[in-house]
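**Student:** Listed below are the residues making up each chain.
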Amino acid sequence: MADSSTLSARFPVKRPFGPLGRASIAAKLALGYGLLGTFSIVAVSAVFYTGTIGVLDDNLDGKIVMQSDRLIEHARFPGHGALVEEVRRQLADGVDSDREIFQLITGNGVPAAGNLDAVPAGAQPAPPPRAMMVTTVVKRDGHERPARLYLRPMADGGLLIVGRDLSEQHAVREVIWRALLAGAGVSLLLTVGGALLFRRGIEGRLGEIRRTAAQIEAGNLSHRIPVSGGDEFALLNRDINRMLDRIELLMEGIRHVSNAIAHDLRTPLSRIRGRLDDALRHEMTVPRLSGAAHDAIDDIDDLIRLFERLLQIAEAESGMRARLFERLDLGRVVADIGEMYEAIAEDGGIALTVDAPASLYVDGDRNLLASAVASLLDNAIKYAGPGAAIRVRAGLHHGQASIAIHDNGPGIPEAERDKVTQRFYRLDKSRHLPGNGLGLSIVSATATSHGGSLTLEDGAPGLVARILLPLASG
Amino acid sequence: MMENRVRCLVIEDEVETSNYICKGLREAGYLVTACATGPDGLDYATGEQWDLIILDRMLPGRIDGLSIVDKLRALGKQTPVIIVSALTTIDARVTGLRGGADDYLSKPFAFSELLARVEALLRRSAPGADSTQLQVADLTLDLRTMRVTRGPKVITLQPREYRLLEYLMRNENQVVTRTMLLESVWDYHFDPQTNVIDVQISRLRAKVDKDFPVMLIHTLRGVGYRMGAGASDETGQGLG
Chain L
0 MADSSTLSAR FPVKRPFGPL GRASIAAKLA LGYGLLGTFS IVAVSAVFYT
50 GTIGVLDDNL DGKIVMQSDR LIEHARFPGH GALVEEVRRQ LADGVDSDRE
100 IFQLITGNGV PAAGNLDAVP AGAQPAPPPR AMMVTTVVKR DGHERPARLY
150 LRPMADGGLL IVGRDLSEQH AVREVIWRAL LAGAGVSLLL TVGGALLFRR
200 GIEGRLGEIR RTAAQIEAGN LSHRIPVSGG DEFALLNRDI NRMLDRIELL
250 MEGIRHVSNA IAHDLRTPLS RIRGRLDDAL RHEMTVPRLS GAAHDAIDDI
300 DDLIRLFERL LQIAEAESGM RARLFERLDL GRVVADIGEM YEAIAEDGGI
350 ALTVDAPASL YVDGDRNLLA SAVASLLDNA IKYAGPGAAI RVRAGLHHGQ
400 ASIAIHDNGP GIPEAERDKV TQRFYRLDKS RHLPGNGLGL SIVSATATSH
450 GGSLTLEDGA PGLVARILLP LASG
Chain F
0 MMENRVRCLV IEDEVETSNY ICKGLREAGY LVTACATGPD GLDYATGEQW
50 DLIILDRMLP GRIDGLSIVD KLRALGKQTP VIIVSALTTI DARVTGLRGG
100 ADDYLSKPFA FSELLARVEA LLRRSAPGAD STQLQVADLT LDLRTMRVTR
150 GPKVITLQPR EYRLLEYLMR NENQVVTRTM LLESVWDYHF DPQTNVIDVQ
200 ISRLRAKVDK DFPVMLIHTL RGVGYRMGAG ASDETGQGLG
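Quick mapping for you: the protein sequence lines, in order, are chains L and F.
Residue numbering for the first sequence is 0 to 473, as defined by numbering that gives the first Met the number 0.
Residue numbering for the second sequence is 0 to 239, as defined by numbering that gives the first Met the number 0.
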């Protein structure tokens with residue numbers, strides 16, 4: 000275990016994203032959603048605003064023009080008597096009269112009738128050449144008020160002003176604006192707050208992963224990411240944990256292999272060295288030297304064989320052979336290998352029965368599978384001992400092709416069954432029996448590379464070693 | 000015999016291995032030419048007539064062993080080729096054999112294994128008499144009736160024993176190794192951890208040689224077997 004201060008120095012997990020925003024996905028997301036939120040609020044407000052105030056404005060202009068048209072009818076009679084009368088009537092009718100504005104100005108600039116205190120800015124010093132709509136400030140009842148006015152010059156040089164006091168409308172507009180601003184502010188705050196919460200959540204989850212990665216890098220391979228809930232992070236964490244399990248297993252395997260190599264390779268090497276040294280130091284007769292050379296070659300051949308087996312495992316485990324697979328009859332292979340071992344079993348006082356019907360088709364490498372079967376038979380003969388009975392059966396087992404080798408020997412204790420497929424693992428701790436502890440790992444690797452598996456079961460008595468392979472499709 | 004010596008080309012870049020192979024082949028009576036690079040190898044292999052080519056798979060000079068075999072076969076030359084290679088995976092072996100090589104031997108190897116394979120290849124490529132009967136000393140194997148007799152005695156064999164004996168007799172006086180037997184008689188290529196082949200041979204020997212004054216199946220320690228009436232100084236030493 001590395002000490003934790005150097006660990007946190009190299010992996011500043013507490014503040015994993017540095018200053019706010021710098022390259023942090025969470026911060027970018029928060030910022031992005033904040034902007035998006037603001038933009039949508041602006042869009043909604045714009046639509047709402049034009050849909051209310053805009054409509055009011057349009058209607059207002061229409062009404063004013065209509066009223067002006069109606070009034071001008073009275074100007075057809077000579078003099079302004081009828082028009083003045085009508086303006087007065089309109090002002091006194093009590094309908095909307097606090098908002099309505101009427102003003103009639105005669106040709107010489109004298110106000111004839113109306114409710115304005117002064118001639119508005121647009122009509123001074125002379126009336127406009129043609130009718131026009133203006134928004135301006137008028138003086139009415141002693142107050143300055145915003146107003147919308149329709150200025151209509153008349154044939155005799157007079158001017159008819161019809162309009163509306165806008166104070167109320169302005170007040171409404173202000174209320175709407177304020178409401179929109181308040182809404183925008185609140186939703187912006189909510190968006191930013193939510194984004195910050197989201198960012199904190201993500202940082203928390205990522206922090207777990209980063210802390211675990213730091214632990215792993217520091218050599219603590221057994222550390223795992225805590226998995227909670229069923230969200231995307233939980234799924235990711237579960238996947239990473241599974242990957243870590245596999246890596247830990249492989250690392251353990253490598254450590255184990257290194258230890259075993261240290262033992263299994265050093266022993267024969269020191270034996271070879273000792274023999275050659277011995278042959279050179281004593282009387283160097285030809286038979287003696289040639290004997291030593293022969294022995295050395297035998298030992299070296301064993302070592303080469305060991306290396307080849309290690310390579311074979313590596314090759315099978317790398318899983319790159321499938322393209323060389325061919326359709327083959329597993330029953331035939333088992334029968335061949337069974338026949339090959341009949342003599343040796345008989346010599347060892349072992350009753351070997353082989354039950355391998357033909358036409359059990361799988362896709363695979365014939366030589367590798369033959370080697371696997373031979374390896375299992377070797378083991379059974381070696382461990383079951385003289386007088387034992389071994390049954391080899393090829394057939395179907397739960398929809399898969401199966402090769403089962405059942406001996407009635409001592410079997411393998413349950414606790415050891417998982418370990419015996421590890422490289423260099425030997426039940427015979429003293430390593431007296433011949434072998435290198437690679438047999439079952441090769442069989443296991445071969446089965447795995449064929450998409451199958453090697454299982455060791457209690458034979459009651461003895462052991463059942465079973466290779467399961469997927470049947471050839473079609 | 001001397002005028003008709005086997006011409007053998009060795010293409011191998013590693014000097015010591017090359018010397019080891021050449022020396023052994025010369026001792027066996029072959030005319031040996033050696034070269035060390037891919038381009039040289041290609042020139043030699045395609046430019047002259049050879050009885051046998053032994054080549055390394057990985058060679059310096061951008062032309063590897065497999066492409067030499069490729070060119071050779073493209074030119075229609077059926078010269079027997081043995082690849083020796085440190086690439087020992089079954090994958091490498093299969094691509095080597097599919098690429099047109101006749102045999103594939105992984106490094107490191109025993110020279111006896113190489114020589115046995117060389118001889119087997121040369122015999123295979125030599126036009127042999129298509130006989131219906133094999134004969135070694137007083138042992139006779141009739142290929143049509145599958146009847147085996149030694150002197151007056153009829154020998155009953157299991158089918159596999161019959162094929163084993165047939166292979167040994169076809170390679171009379173030649174060394175055959177265990178791997179060669181496994182490949183030719185059983186048609187498998189793997190390395191059995193136990194002496195299955197030895198046990199099969201001793202069974203066969205019990206039927207063929209027992210009770211006869213002259214041993215025909217000889218064990219060569221650390222190498223393999225040889226069938227023949229000639230005495231072998233190593234007979235009896237091995238596992239038989």
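By construction, these hints were calculated from the structure, which means they are not laboratory data.
Where is the CB? At the ideal position from N, CA and C, for every residue including glycine.
Please note that a few of the clues may not be correct.
Far from chain L, by Cβ distances over 12 angstroms, these chain F residues were calculated [what the hints assert, rightly or not]:
id, residue
1, ALA33
2, MET57
3, LEU120
4, VAL184
Distance ranges between label pairs, derived from CB positions [said to hold, decoys possible]:
id, chain 1, residue 1, chain 2, residue 2, range
5, L, HIS397, F, GLN77, 46 to 56 angstroms
6, F, GLN157, L, ARG254, 21 to 31 angstroms
7, L, SER289, F, ALA136, 23 to 33 angstroms
8, F, LEU96, L, GLU282, 43 to 53 angstroms
9, L, GLU325, F, GLN157, 24 to 34 angstroms
10, F, GLN157, L, HIS397, 29 to 39 angstroms
11, F, ASP210, L, PRO409, 50 to 60 angstroms
12, F, MET57, L, SER269, 29 to 39 angstroms
13, F, THR148, L, GLN399, 46 to 56 angstroms
14, L, THR284, F, ARG4, 27 to 37 angstroms
15, L, HIS397, F, ARG220, 29 to 39 angstroms
**Student:** Now tell me, hint by hint, if it's right for this structure.
**Tutor:** To see whether the hints hold, each was checked on the structure:
no., hint, verdict
1, ALA33, "holds, 24 angstroms"
2, MET57, "holds, 16 angstroms"
3, LEU120, "holds, 21 angstroms"
4, VAL184, "violated, 10 angstroms"
5, L:HIS397 with F:GLN77: 46 to 56 angstroms, "holds, 50 angstroms"
6, F:GLN157 with L:ARG254: 21 to 31 angstroms, "violated, 48 angstroms"
7, L:SER289 with F:ALA136: 23 to 33 angstroms, "holds, 30 angstroms"
8, F:LEU96 with L:GLU282: 43 to 53 angstroms, "holds, 48 angstroms"
9, L:GLU325 with F:GLN157: 24 to 34 angstroms, "holds, 28 angstroms"
10, F:GLN157 with L:HIS397: 29 to 39 angstroms, "holds, 35 angstroms"
11, F:ASP210 with L:PRO409: 50 to 60 angstroms, "violated, 41 angstroms"
12, F:MET57 with L:SER269: 29 to 39 angstroms, "holds, 32 angstroms"
13, F:THR148 with L:GLN399: 46 to 56 angstroms, "holds, 48 angstroms"
14, L:THR284 with F:ARG4: 27 to 37 angstroms, "holds, 36 angstroms"
15, L:HIS397 with F:ARG220: 29 to 39 angstroms, "violated, 48 angstroms"
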